[in-house]
Amino acid sequence: MSSISHNPPAQAQRTPTTVNTPESPRPKTAPKSGAWHEDLKRISFWADHAAIIGLVILVAVFTVLNPVFLTVGNIQSILIAASILIVLTIGQAFVILSDGIDLSVASTMTLGVIAFGIAYAQGAGLVVSMISAVVASTLVGVLNGVLIAKGKITDFIVTLGSLSVASGLALVLSDGKPTSITSVELINFSTHGVLIFGFPFIVAAILAVLAHVVLFRTRFGTHLFATGGSKEAAQATGISTARIKVAVYTISGVLAGVAAILLIARVGASEPAANTTFLLNSVAAVVLGGVSLTGGRGSVFGPIVGALLLTVLTNGLTLMNVSQFYQPLAVGVVVILAALLSRFQK
Amino acid sequence: MTATLTKHIVDVQDVSLAFGNVKALQTVSLTLAEGEITALVGDNGAGKSTLVRCISGIHKPQSGTISFEGTPVHFRNPEDAREKGIETVHQNLALVDDLTVWQNLFLNRELTRGIGPIRFLDRKAMKEAADRMVSTLAVNVPAVKSKVRRLSGGQRQAVSICRAAGFSSKLVIMDEPTAALGVQETAKVEELILKLRNDGHSVLLISHNFSQVMRLSDQVWVMRAGRCVAGRRTTETSGDEIVSLITGSREN
Ligand SMILES: Nc1ncnc2c1ncn2[C@@H]1O[C@H](COP(=O)(O)OP(=O)(O)OP(=O)(O)O)[C@@H](O)[C@H]1O
Ligand SMILES: [Mg+2]
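For the protein sequence lines, the chains are X and F, in the order given. In terms of the numbering used here, the first sequence opens at residue 1 and continues consecutively. In terms of the numbering used here, the second sequence opens at residue 1 and continues consecutively.
Mixed in with the good hints, there may be bad ones.
[Stated by the list, open to error] Among chain F residues calculated to face chain X with C-beta under 8 angstroms, some are: (1) I58; (2) R82; (3) V96; (4) L99; (5) L107; (6) T112.
[Claimed, not checked] Derived lysine-lysine pairs resembling DSSO-like cross-links, with alpha carbons at most 30 angstroms apart: (7) F/K84 - X/K150; (8) F/K84 - X/K231; (9) F/K60 - X/K152; (10) F/K124 - F/K84; (11) F/K84 - F/K170; (12) F/K127 - F/K147; (13) F/K195 - F/K170; (14) F/K23 - X/K152; (15) F/K127 - F/K84; (16) F/K147 - X/K231; (17) F/K127 - X/K231.
[Said to hold, decoys possible] So these bits of chain F aren't anywhere near chain X, every CB distance computed over 12 angstroms: (18) Q13; (19) G20; (20) F68; (21) G153; (22) M214; (23) T237; (24) E241; (25) R250.
Hints are computed from structural coordinates only; laboratory data are not their basis. Each residue gets a CB set at the ideal place from its N, CA and C atoms; glycine is no exception.
Please put together the full structure from these sequences, using the hints given.
Structure, rendered in structure tokens:
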């Protein structure tokens, strides 16, 4: 496909006289806005960088309020705590960029956790258990994608349904009971790392870089943006938007499986918990990260900063001994503020 | 009337298509001659865009056949039609607002480089080629790196036409290409349409502008209420006759 000869016939027989019509000088790219302080006056600047600005402000506030906050140990634990959410958020970002939404990410992860637990309890090794988790979650993702693309049911309804199905299956398969997973390898994985970066965070970071490359450096990525931006325009150029849809939900499923493994490594058990906070936070992180909820516009790094912001918020509140009950409240306020601000995006 | 020796690039035979109980196309038959500009005229809702969508692979006719270069074709999707060399400038301007000009020009025709199946976009090559494509247009288009969202109606149309003219297309279909344009830009697009023909493309032009049709086309087909009711060589008809055929005050 790469070698499509691109030689517009219209260009071949140009006469020099029409090369540059005098009345149509090519305008410059964007009008260069003055100095950086000019930028700061435009509200769109703040809207475009809501997540990173919010993160910096939060870090500053928590550092002032509690000196423990900015210690190496605490940063280390924030990064590890953020890694599960980051992995889920990457999947959610793919889905939302294609103009969908995956309400089943957290339950899909839970099903992966249970699949891991069952395999492990049956004496399967660590690798087989990990594969079980990814396979189970991927299946949910593929099912979501096929129902949405081929069954032509809205994303919201399909994933709302699979949210219920996956968490129901997790309860049925585990009989509602946790299985403890005592694996030295997993404990080492979640407690060691390179410099201040724990292994779970390194896994999340590698996935983030991969996601960025896929989105911005491959045909698939361009087709994904086109699908989310204008489904009809994408189809008119011959892009199979159905295939893109199946692909993004599959990716979200695979990542939920990876997140399941990270969760088990962190908790040391396979529990059929609801994990609703992960769902809300993954959507919140994507919105905070400046991805358009109607698809077609955004990045991966924005949502990741969003995920870090939410994790910092929880961590800071915990450090300051604010009751757990206030955490969802704080997250909600931050997300609504971000959504308000995003209305001023360029 | 029609010279029997002209090769038909497209031959539409008895094509019908209904949306529910709206009969958008009823046994439509017409031909497009190779290397000519063929105009398709008719009132709003006559079925022109629907016919175009059948030829470009978006809709499938419920009955009848469409032949391209002499062989019947059954396009399953627009990609099939594009692969055969049929490019379309759609009425609703099929561009993605949030992508840049160069990304739109190369949408689903991206240039890549890499080893074996691992391929990455060749962004530099695409930007450079896009710059060249756009510079052939007389219409002033901003830098190819800008988002299409920021373009005016005329600039978008120019980009759409530019895309259709590229990729060694054989037939370029244009659904009201100058509807949104000012006087100067219309003139430039007309220049481009003539140039397409001179370069050997066949063109199917839908237009409500009769003087434009008379100026540009070699053949005119008239549609009314889902039917193709008449066909004329442009040199052998007049704007008045076309108008009366469209309104039905005069039958074939
Ligand atoms: N996707 C669709 N679903 C239902 N009805 C449709 C659809 N597309 C077109 N129609 C109907 O088919 C008929 C023909 O429409 P079409 O768009 O082909 O007209 P047109 O000749 O292109 O008109 P105009 O000059 O206004 O562009 C109209 O009655 C229209 O409402
Ligand atoms: Mg139309």
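Handout entry: Structure versus earlier hints - violations, ascending order
Key = As far as the earlier hints go, not one is violated by this structure.
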